[in-house]
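J.: Given the coordinates of chain A, assemble chains B and C onto it according to the supplied hints.
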Amino acid sequence: MKKKVLALVCSAVMLFGLTACGKEAETVTDTTAPAQESKPAIDISAAKLMSDGVLNVGCEVGYPPFEDFAEDGTTPKGYDVDIITAVADKLGLKVNIINTAWDGIFAGIGVNYDVVCSAVTITPERMETMIFSTPYINNYQAVVLLADDPKEVKSFNDLDGMSIALQKETTSDILMSDYKSTGTIDIQIVANEKVTSCFTQLQNGEVDAVVVDSTVADGYINSSKDFKIVYEDQSEPEQFGIAMAPENTALQAAVNQALKELEEEGFIKETYDYWFGAAAE
Amino acid sequence: MKKSEMKKHSGQIITAIVIIVICIILGLLKPGRETLLSMTSPEMQKMIDADASSTRKRVTVTYNSLFIINYASLSTSGANVMSERYVGFLGKVYQADEGVMKVVGQMVNYTYRMLGVGENLMHGAKLTITLTTLTVLFGVLLGTLLALGKISKKKILSKLSGAYIFFFRGTPLLIQIFVVYFTVPGIFGFAWRDLFNVNDAEAVYKGAFIAALIAFALNSGAYCAEIVRSAIQSIDKGQFEAAKALGMSYGQTMTRIIIPQSIRRMIPNVSNEFIMVLKDASLVFAISLMDITTVSKNIMTSEGSYLVFIPALVIYLVITAFFGFIFDKIEKKFSVYE
Amino acid sequence: MSDQYEYILKTEHVSKRFGTLEVLKDINLSVKKGEVICIIGPSGAGKSTFLRSLNQLEKITSGKIFIRDELFLHRENDHTVDKLPREKQQELLLEMGMVFQRFNLFPHKTVLQNVCEAPIIVKKEKKEDVEKRAKELLDRVGLSEKADEYPSRLSGGQQQRVAIARALAMNPEIMLFDEPTSALDPELVGDVLKVMKELAESGMTMLCVTHEMGFAREVADRVLFMADGIIAEEGTPEEIFTSPKAERTKNFLNAVLEA
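Protein chains in written order, with numbering that gives the first Met the number 0: chain A, 0 to 280; chain B, 0 to 337; chain C, 0 to 258.
Simulated from the structure, these hints should not be mistaken for laboratory data. Accuracy of the hints is not assured; some may be wrong.
[What the hints assert, rightly or not] If you only want the chain B side, here are some residues facing chain C, beta carbon under 10 Å, derived:
#  : residue
1  : Q232
2  : D235
3  : E240
4  : A242
5  : K243
6  : L245
7  : G246
8  : S248
9  : Q251
10 : Q260
11 : I262
12 : R263
13 : F333
14 : V335
15 : Y336
16 : E337
Ideal Cβ positions, reconstructed from N, Cα and C, are used throughout, including at glycine.
Only chain A is shown next, with the shape it has when bound in the complex:
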């Protein structure tokens, strides 16, 4: 109900406030004018934003190393956070990260925040209801076991008969559910709200394996000796993109431009190495 009201208010603002929006955009260009000599900000005058000068980002904070809270418990940190902050910077905007539950995170685009940058895989289904930036990282599905587990896993088919922990409604979940429902393999799917729960279950011995994004797996292997990656499915690579409302193509163009510049500047590779370790590439 609340969401609906919010949505109504927002669309009203969008409809009747277009002129105002344009005006604000002008002021933005004005303020950044002095910096123009060194680095011109990307023009976002045509993009629709929820608030002026701020990029509101929906993010499920709790998916390290993509997004996680720092020791203080309130400051988000991680690969996604660095990327989206750099992108916003290019657009001359401040970043406001809004911590959101993964369930229903996409429903909030254009309602509670402008974009979702939260390790979102670009899929054909999702492209029916939203638009994506160009991919900013490649990802595979990886199988993680306890470090001392002698089992050999050379493909997902080798998971037959195991209990698999994974995060609910993620690519891992969709993929494993598909393997199970088509009868390819018989597995027990243990779906969790948080990816951290999956690793605790593996550590306690409740489950046999965790299937998770390779990037996340890399992060865990880097920080703990208890786990090992035994298989990465290179055949079905996934790409992560920043999700936006379908009508917000102007924002999409601006974000793509920013990502392109960041790629050229070497910022993306640098950030990747920082969060996932150079070895993980």
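T.: Showing chains B and C alone in chain A's frame:
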């Protein structure tokens, strides 16, 4: 008075029989699984045939049967997504890819999944009902012990019971579930699924269920303790005196005189506790179990269908009504003497 | 069990305080087997408290209680100085049956179950034997046809007669009655008194706290008049009712008999 009561009862029984008979007839008339799946399009059939020799199968075949109506769907994953859906009812098969039949098909599928028909005991409505019933059962037993402890003249017992109740009522159930499932095994180096046979594929769910049941029962025990205590203290003091004058021990007085009389007084509150637990059961999502609420939320996220919440409400209401009826019967049984 | 005792029940210097309120002051009483004693007096005199102290529903502050000449309990200043071992105490307590003002039947049990409960679970007697005796007792109090009813279906008088049968089922040597007719409608009092009278005639030792002066006069061997926690006067019914000596007794009897 009695005659009209009998009339009312026989009316209810006749209605029930008529409904059951109609359901059986409708059930017999619905097309079978083979009929539904034989509707497959040639393209889909090709995919199915290809799957037979493939290590990575692509077609998901779903078949849901709900007494009088059934639903089948075939869908593929991958780049070229195809799906076909059928609903079977009264001897006919309907295409359910769009329009009213699509909604009907969805409803059958959602209800089936929320009831957890094809699944083990730790899924959907089955989980909700088993967990809730066992929780309240153990909760009342534990609550009775705690209540006796709390009103005991032995200071230590009374203090310990008081501390227990304070602890479990003063901390959130969700955290208690986390502690039982994650923290305790982590500290003591065991896994809940170790309780079951290594070859039991469902051990992981059963283990989680046991952990959930322990957390729920420990929590409910604290709430039931207060219910039992107030019921016991509402019994006339004269009953204690009469029992004592007849030479009964404290234990005999409690088990034979006081507790049987307090049961009737606790039923309404236990019934409330039951409904609370029924709703709280959705907290099992935290340890990878899926009750009705969790299943419906999952369907909402994965299929984006808000319709799912309608059968969810109906299922909850049916459960509440059924157990309300049971509690009513128990209360009547324990108040024959009034 | 030896029957060689002088007094079935005896108290020496029994006192009871509730906080600062002294309810019983130095009560001395000796009861011989077969005696029927009625305790009368204004309300608040301590009659019920005295009766309840005898079977341990109240703990006395100080004094001695003897049962069958054995020192059952000796307390001083709210501390137990001496007492019988627990099992022996329990055994002797079973020799005292009690009937309450408000009957206190077990509402969730039938009349027959009420009577049978204690002999079966406390004395571990055989169910068949107890039921046979219970039916005889119910017959004696005139309620054999109510055996399978619940107490709530019975009148107050009937309930009190069941309560008497329940106490008798334990085969006590002495019966304590705590104002057994005070909670009854006047027309129901007669039946209960009739049962009590028959009981007295059968040789039962009885201690009755009562307001039924007619009953006391007719049935009692001895009448105690209690006021302000002491036994103010004691004597045969004849002495108390026709020529009371104490001023208080006179006033009380005048007030009661006028009404």
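J.: Now tell me, hint by hint, if it's right for this structure.
T.: We went through each hint and held it up to the structure:
1. Q232: At about 17 Å, which exceeds the 10 Å cut-off, the nearest Cβ of chain C leaves the hint on B/Q232 violated.
2. D235: Where the cut-off is 10 Å and the nearest Cβ of chain C is about 7 Å from B/D235, the hint holds.
3. E240: holds, 5 Å
4. A242: holds, 8 Å
5. K243: With a closest approach of 7 Å, the B/K243 hint holds.
6. L245: B/L245 check passes; min Cβ-Cβ to chain C is 4 Å, inside 10 Å.
7. G246: Since the shortest Cβ distance to chain C is 4 Å, the answer is holds.
8. S248: holds, 8 Å
9. Q251: Holds, because the Cβ-Cβ distance from B/Q251 to chain C comes to roughly 6 Å (cut-off 10 Å).
10. Q260: Since the shortest Cβ distance to chain C is 5 Å, the answer is holds.
11. I262: holds, 9 Å
12. R263: This hint holds: B/R263 lies near chain C, its Cβ roughly 8 Å from the closest one there, short of 10 Å.
13. F333: holds, 8 Å
14. V335: Since chain C brings a Cβ to about 7 Å from B/V335, closer than 10 Å, the hint holds.
15. Y336: holds, 4 Å
16. E337: holds, 6 Å
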